[in-house]
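Visitor: Work out the full structure, taking the sequences as your base and the hints as a guide.
Protein chains in written order, with my numbering: chain A, 1 to 144; chain B, 1 to 395.
No wet-lab data here; the hints were simulated from the structure.
Each residue gets a CB set at the ideal place from its N, CA and C atoms; glycine is no exception.
Among the clues, some could well be false.
Claimed, not checked - SDA-like mimics (lysine to any residue), calculated; alpha carbons at most 25 Å apart, straight line:
#, chain 1, residue 1, chain 2, residue 2
1, A, Lys75, B, Arg303
2, A, Lys139, B, Thr35
3, B, Lys225, A, His70
4, A, Lys108, A, His32
5, A, Lys139, B, Ile350
6, B, Lys352, A, Asp137
7, A, Lys108, A, Gln33
8, A, Lys51, B, Ser112
9, A, Lys75, B, Ala310
10, B, Lys221, A, Tyr83
11, A, Lys113, B, His39
12, A, Lys51, B, Ser378
13, B, Lys175, A, Gln23
14, B, Lys379, B, Gly326
15, B, Lys175, B, Leu217
16, A, Lys75, B, Ile226
17, A, Lys75, B, Tyr277
18, B, Lys175, A, Arg91
19, A, Lys108, B, Lys352
20, A, Lys108, B, Thr351
21, B, Lys225, A, Gln23
22, A, Lys51, B, Glu294
23, A, Lys75, B, Ile350
Said to hold, decoys possible - Stretch-level coverage of chain B by chain A, calculated; a stretch enters the list once three of its residues show a Cβ under 8 Å from a Cβ in chain A:
#, region
24, 69-75
25, 129-142
26, 213-224
Below, each chain spelled out in residue letters.
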Amino acid sequence: MKRLIPLLGILLTLLPLPQAIAQEVVVHQKVHQEEISRNTLRAIFGMRLLKWPDGRAIKVFVLQDDHTTHITFSKSILHMFPYQLRRAWDRQVYSGTGQSPNEVSSLKEMSEKVASTPGAIGYLSHSIEHQFETKLDLKVLHVW
Amino acid sequence: MFGNFSKLTLILFTTGLLFLESVRAPLYGFTWSDTLQIHGFASQAFIQTSENRFFGDSKEGSFDFTELGLNASIRPVPDLQFSVQVLSRRAGGGDNGDLQLDYGFLDYSLISNASKDFGFRLGRVKNPLGFYNDTRDVAFTRPSILLPQSIYFDRTRNLALSSDGIHFYSDHRTKYGNFFYELGMGYPDVDDLQTKPEIIGPQPGGLDERLSYVGRLLFEKNAGKIRLGVSGAIVNFKFEPVSPAQETGTIRFIPLIFSAQYNSEFWSLTSEYALRYSKYRQVGAITDFNRTGESYYLQGAYRFYERFEAFLRYDVLYQDRNDRGGNKVATGPKYSLFAKDWTAGLRWDITKSWMSRIEYHYIDGTAWLPVLDNPVGSKTNRYWQLFTVLVSYRF
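Guide: Shown next as structure tokens:
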């Protein structure tokens, strides 16, 4: 039994912990920002706040409306439903008062685009492989 | 329409800003063309009515309701955006599909930070009225194939559609919720087939747009779970009689709209209530009058299986809130002074770009029936049904 305990410990570290599948807001590494409020984040993903405090343009990247990561991000980070974001973007795009965000088709593309576009913001599911792939180029924003 | 002076101002102003901004642009580290976006939509509806004509010869089944739009926008720097949209709309006798400039303006933001935005839009801007007027011709953004006609009646749509002038806007993001203010002044565009006969009837004479005002205050709580709004306009016209011996007349419309919406994951409840005041003075053959109309609707929508949405709505319009039954009306049927519409419908989002809708209306009254489709009031029927199907594409 005693010999089993370290083995269990190893097994546990391999199991997906709750925070390991959580969503994270990521930005281009040169964005001078470490944390962000939820309401500001909503204004950014709602395409209403268009520049960082230093004046640089914010480039918003999102996944398709029905992508699980997009749905989880909307609900758990923004506290919004994906249909509300879509309606807000449509209202602005078809009245000329705003633009739509840049859409990417996979998490891989998301990490690549955010890492390579100055001023970019997006989100990833915080899984181990993405951390390894992108930790050099991306910065995780703390949401409060 | 633009006067020559404002046209010149617009051109000078645009050129100046463009020059300034193109000098600054390289500092931001990206090029103009990165921000160019092109979007569009195409919708086709089929309409069948039991009685009366709505958008063409609908008693026989009509395909005379088509909406096509194409827009482009570019944001060379974060504070400046140019937007333009052209629209072709065919809707029975009222709209023949000619290309129109739906909007075309520059948007310049003077203040923009995490807690507030302040800026202005110069050019032809969509009027911010109620929840839906700004994008009323885009089927994807409507709650139904036909917008609740009590408030968004299509017969004088051009009065409400857009104005040529300047609009100021301001957003305030606070811990209590977000506030969105818009205030515009300009000239409505009524150079279409339908508006003049709907406003002054078949009599000769001209309608001249005067400076008009529009405004909206929206409040959003909990990321839009609760949305409350109040919006209104003061729309002014001068009536020019054909004979110089007659005095020129004036027409004024003042709509005031209260809007409320609750959004949960599967449910949305929406209601709007409007008071519409009109004042006619010396408008040719029309006896002077002041009148206040009243409208409201209550609508519930339910989303299911991810791609479907069903809704039910009760929508009421009274042309004169002091004579809801139309008893004092001298000419035409009493039921032309009101309309009560029960609507049920279903939306299916086939893909991200394709959407289809089906809906059924049971209507008592003809208050929002287009006059151009039904020139003789006595030939209309009080109780009627309308069935419609729509397919829409957007990108």
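Visitor: Can you confirm whether the C-alpha distance between B:Lys225 and A:Gln23 stays at or below 25 Å?
Guide: 22 Å, holds
Visitor: Given the hinted pair A:Lys108 and A:His32, is their Cα-Cα distance within 25 Å?
Guide: Since the Cα atoms of A:Lys108 and A:His32 sit roughly 24 Å apart, the hinted pair holds (cutoff 25 Å).
Visitor: Is the straight-line distance between the alpha-carbon of B:Lys175 and that of A:Arg91 25 Å or less?
Guide: 24 Å, holds
Visitor: Under 8 Å between beta-carbons, do enough residues of the region 129-142 of chain B, three at least, approach chain A for the coverage claim to hold?
Guide: With 5 residues in contact (Cβ-Cβ under 8 Å with chain A), the coverage given for the region 129-142 of chain B holds.
Visitor: Holds or violated: A:Lys75 and B:Ile350, Cα atoms, limit 25 Å.
Guide: 23 Å, holds
Visitor: For the pair we were handed, A:Lys108 and A:Gln33, check the Cα-Cα distance against 25 Å.
Guide: 23 Å, holds
Visitor: Below or equal to 25 Å on CA atoms is what counts here, so check A:Lys113 against B:His39.
Guide: Holds, because 22 Å separates the two Cα atoms, which is no more than 25 Å.
Visitor: Hint check: A:Lys51 vs B:Glu294, CA-CA at most 25 Å. Holds or violated?
Guide: Violated, at about 43 Å.
Visitor: For the pair supplied as a hint, A:Lys75 and B:Tyr277, confirm whether the alpha-carbon distance does not exceed 25 Å.
Guide: Violated - the C-alpha atoms of B:Tyr277 and A:Lys75 are around 43 Å apart, more than 25 Å.
Visitor: Need the status of pair A:Lys139, B:Ile350: alpha-carbon distance at most 25 Å?
Guide: Given pair A:Lys139, B:Ile350 is violated - Cα atoms ~37 Å apart, limit 25 Å.
Visitor: A:Lys51 and B:Ser378 were given as a pair; does the straight-line alpha-carbon distance stay at or below 25 Å?
Guide: Violated, at roughly 59 Å.
Visitor: Please check whether the region 69-75 of chain B has three or more residues whose CB lies within less than 8 Å of a CB on chain A.
Guide: Since 4 is at least three, the answer is holds.
Violated hints, listed in ascending order, are 5, 6, 12, 17, 22; each of the other numbered hints is respected by the structure.
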